[in-house]
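Visitor: Sequence:
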Amino acid sequence: GLKAVAAGMNPMDLKRGIDKAVSAAVDELKNLSKPCADNKAIEQVGTISANSDQTVGKLIADAMEKVGKEGVITVEEGSGLEDQLDVVEGMQFDRGYLSPYFINKPDSGSVELENPYILLVDKKISNIRELLPILESIAKAGKPLLVIAEDVEGEALATLVVNNLRGTVKVATVKAPGFGDRRKSMLQDIAILTNGTVISEEVGMELEKTTLDNLGQAKRVVISKDTTTIIDGVGEKRSIRSRVKQIMQQRDEATSDYDKEKLQER
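In terms of our numbering, the sequence shown has 317 at position 254, counting the first letter as 1, and numbering is strictly consecutive.
Treat the hints as calculated values from the structure; they're not laboratory data.
The beta carbon of each residue, even a glycine, is placed where N, CA and C say it ideally should be.
Errors might be hidden in some of the hints.
Stated by the list, open to error - The following label-pair restraints were derived from C-beta to C-beta distances:
| id | residue 1 | residue 2 | range |
| --- | --- | --- | --- |
| 1 | Gly64 | Lys282 | 44 to 52 Å |
| 2 | Glu299 | Gly131 | 16 to 24 Å |
| 3 | Val225 | Leu275 | 21 to 29 Å |
| 4 | Lys168 | Val225 | 18 to 26 Å |
| 5 | Glu91 | Asp146 | 35 to 43 Å |
| 6 | Glu269 | Gly230 | 46 to 54 Å |
| 7 | Asp146 | Asp76 | 50 to 58 Å |
| 8 | Val85 | Phe242 | 41 to 49 Å |
Claimed, not checked - Cross-link-like lysine-lysine pairs, in silico, PhoX-like; alpha carbons within 25 Å at most:
| id | residue 1 | residue 2 |
| --- | --- | --- |
| 9 | Lys323 | Lys132 |
| 10 | Lys247 | Lys325 |
| 11 | Lys282 | Lys203 |
| 12 | Lys325 | Lys308 |
| 13 | Lys132 | Lys186 |
| 14 | Lys187 | Lys272 |
| 15 | Lys300 | Lys325 |
| 16 | Lys247 | Lys288 |
Let's have the full structure, built from the sequences with the hints guiding it.
Guide: Right under this line is the structure:
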């Protein structure tokens, strides 16, 4: 490509040609591909991907069977000698940490919080005074805190970073997933999963008056640069199943492909 441009070829013509070739290659790959029809086929694909390790292939197939294609599958180091499969309630969304100074696992470049409280806020947080009461309660409880809000900026973010670095409060912040009404719905999804309450001025709730009883909880949270995974929230199983059923019904009734896709992601 570079040689062609150097020889005088129009770079835009070259780009259009490459785009056409890519599109044709992708279409051909789609035609050649075969969807996995059953659990055995998934096991075979997993085995090949794991350097022909049949044990890992079977674990992958079992995991897919239990969580479905919408589920999130993660791999972690264990303390035992055998591979194990654990299925827990959880969710993952496309939002990462708001500051790299929250990272506590430098090797993986991620944030890991064990048994954290989870504060859900349906607005931007820029004034640290709004957070001080709940931060004091968190410090006394001795547990980490995950803040999920429309945004956390200015002095609020700076103060949280400083407190985290000093070890006063182990904390991390991420933006809430989605936009507008979809963000409100996804915050409510997280609230049901973690048995928390969304702090929203629309329903008369003030951030300054938030207590530990308003916060959600989970067994573990892992935050990378681009994603947040909440594992084993303490929400009631019946409420979680009801919420999933409601979302799937909304997906089936949606008229636009965009809405169907976003509901499927949830």
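Visitor: Now look at each hint and say whether the structure bears it out.
Guide: Results of checking the hints against the structure:
The hinted range of 44 to 52 Å is satisfied by Gly64 and Lys282, whose Cβ atoms lie roughly 50 Å apart. Checked against the hint of 16 to 24 Å, the pair Glu299 and Gly131 passes, with Cβ atoms roughly 21 Å apart. Separated by about 22 Å at the C-beta atoms, Val225 and Leu275 satisfy the suggested range of 21 to 29 Å. Checked against the hint of 18 to 26 Å, the C-beta distance between Lys168 and Val225 comes to roughly 20 Å, which is consistent with it.
A hinted range of 35 to 43 Å for the beta carbons of Glu91 and Asp146 is consistent with their spacing of about 36 Å. Our hint of 46 to 54 Å for Glu269 and Gly230 is violated, since their Cβ atoms are close to 29 Å apart. Judged by the Cβ atoms, the range 50 to 58 Å given for Asp146 and Asp76 holds: they are separated by roughly 52 Å. The given range of 41 to 49 Å is broken by Val85 and Phe242, whose C-beta atoms sit roughly 30 Å from each other.
For the hint linking Lys323 to Lys132, the alpha-carbon distance of about 15 Å falls within 25 Å, and the restraint holds. Between Lys247 and Lys325 the CA atoms are separated by roughly 13 Å; this keeps the pair inside 25 Å, and the hint holds. With a C-alpha separation of about 19 Å, the suggested pair Lys282 and Lys203 falls inside the 25 Å cut-off, and the hint holds. With a C-alpha separation of about 15 Å, the suggested pair Lys325 and Lys308 falls inside the 25 Å cut-off, and the hint holds.
Taken as a hint, the Lys132 and Lys186 pair is broken in the structure, with Cα atoms around 32 Å apart against an allowance of 25 Å. For the suggested pair Lys187 and Lys272, the alpha carbons sit about 16 Å apart, so the restraint of at most 25 Å is met. Taken as a hint, the Lys300 and Lys325 pair is honoured in the structure, with Cα atoms around 23 Å apart against an allowance of 25 Å. The hinted pair formed by Lys247 and Lys288 meets the criterion: a straight-line CA distance of about 23 Å does not exceed 25 Å.
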